[in-house]
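Peer 1: Listed here are the chains, written in short residue letters.
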Amino acid sequence: MRKIDRVKWIANFDMEDLISSILQNGMLISMGLILVAIAVSWIQQGRVDLEQSLKAESIPKFLFGPFPLGGAPGGLPSVLVRWGVSVLMLTPYVRVAVSMVYFAYVERRWKQAILTGFVLIVLTITLLTDWV
Amino acid sequence: MSFEWLFLVSVISGFIGAMSGVGGGVVLIPVMTLSGIDIKQAIAVSSISILAVSCSAAPSYVRRHMPSLNTSAFLEVFAVVGAFIGALINLVSGRRLLFFLCGGILFLSSVLLWKRQDEEGARLTGQEKFSRWLELEGSYYDDAESRTIAYRGNHAFLAGALMFGTGLTTGLLGIGGSALTVLILEEVMGLPTKVSLTTSNLIIGVMALAGANVYLEVGLLNLQWVVPVILGVPLGAFVGSKLLVQLRNQIARLVLISVLIIWGIEIILHGMRGIL
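Read top to bottom, the protein sequences are chains H and Y. Per this note's numbering, the first sequence starts with residue 1, numbered consecutively. Per this note's numbering, the second sequence starts with residue 133, numbered consecutively.
Chain H on its own, in the form it takes in the complex (with noise of 0.2 Å):
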């Protein structure tokens, strides 16, 4: 992008709504997931039934564990509310790693490029990997 076409893109581009946008997203996929697996329960079973723990060793293994979605505990209601709870674990996730890839580099503020990095990492390890 040349510089001054950077200039413009930059004096244009309002973080605040980019992160307004992916926390309101979020909530709203996240609740959507979880009124579908309401209504397929709804419509399978007659009623709703979600009396189950949710568990597993790390976010993939619980967004990708239950497959194929016949077989997860509670079938496709159950998996669409894990869904629902990832998204909703993710959404701030994804607000911390656009924030530094906006300042490091939109902004270019390297101060908070590096603190909200160092966020992201205890995030990312604390999401990915078995502590308990």
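Please keep in mind that the hints were generated in silico from the structure rather than gathered at the bench. Treat the hints with care, as some may be off.
[Unchecked claim] Below, computed lysine to aspartate or glutamate pairings styled on DMTMM-like, alpha-carbon distance capped at 25 Å:
1) Y:374 / H:16
2) Y:374 / H:14
3) H:111 / H:16
4) Y:374 / Y:275
5) H:111 / Y:136
[Stated by the list, open to error] Some chain Y residues near chain H, calculated using beta-carbon distances under 8 Å:
6) 186
7) 190
8) 195
9) 209
10) 213
11) 262
12) 337
13) 362
Every residue, glycine too, gets a C-beta built ideally from N, C-alpha and C.
Based on these hints, arrange chain Y on the given structure of chain H.
Peer 2: Below, chain Y alone, put in the same frame as chain H:
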């Protein structure tokens, strides 16, 4: 506890959490534990409710440029490490003494907030070198006062150390993160109340995530309780966040003080009854 009842409690907790900046657990944990749900499971569900409050209340604040992104970037470093360690401690500890201490700290905090009567406009004070280096200053447009309010954050180093303790408390207890963060932002860093409330809404999301993942790993998140919380908290938080933007500063402060006192009483009573 039925789905419908927990959904209603979640709506109320989301409303209070967003409007006062104390997170969702203030209502949720006492109600859940008094209904016979295990405290550790209630704390785990509370961490999800904090996530929901953060994701649903923060967007409207962020769009209005109210939170200080530089301040949240700095404080999250300490908060996230504290929250993760706190959640790990939760798994191996009895917590009655910690609840008593936490209740006492909240009473003290509410007294400090009650005594201080500074207005938003008086916030543009001097700034020490480290906070200036971190660029902890900014401004926002206050709808209630119809003017732009500039501010400078101070004492960043002390605030960072205290944020580690706040993260620890949040990871351990599932409540208090937002209330204590607001206190640090207001009392230590000298930020305006609305900037403190809205910035804390961003920070608590990251803090709660660090704790929630630990609870997920040990199976403390129960679908039966997680689902009504995820659906109910955002509804209450959405209304609460709309109200905060229009509230005058003193009202936001009074709401926060009231909630701190209620939370302190709840925690001490829980400890005395030995149901923790």
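Peer 1: Could you run down the list of hints and mark each one as holding or not?
Peer 2: Hint by hint, here is what the structure shows:
| no. | hint | in the structure |
| --- | --- | --- |
| 1 | Y:374 / H:16 | holds, 17 Å |
| 2 | Y:374 / H:14 | holds, 21 Å |
| 3 | H:111 / H:16 | holds, 19 Å |
| 4 | Y:374 / Y:275 | holds, 12 Å |
| 5 | H:111 / Y:136 | violated, 47 Å |
| 6 | 186 | holds, 6 Å |
| 7 | 190 | holds, 5 Å |
| 8 | 195 | holds, 4 Å |
| 9 | 209 | holds, 5 Å |
| 10 | 213 | holds, 6 Å |
| 11 | 262 | violated, 11 Å |
| 12 | 337 | holds, 4 Å |
| 13 | 362 | holds, 6 Å |
This entry does not satisfy hints 5 and 11, going by the numbered hints stated previously.
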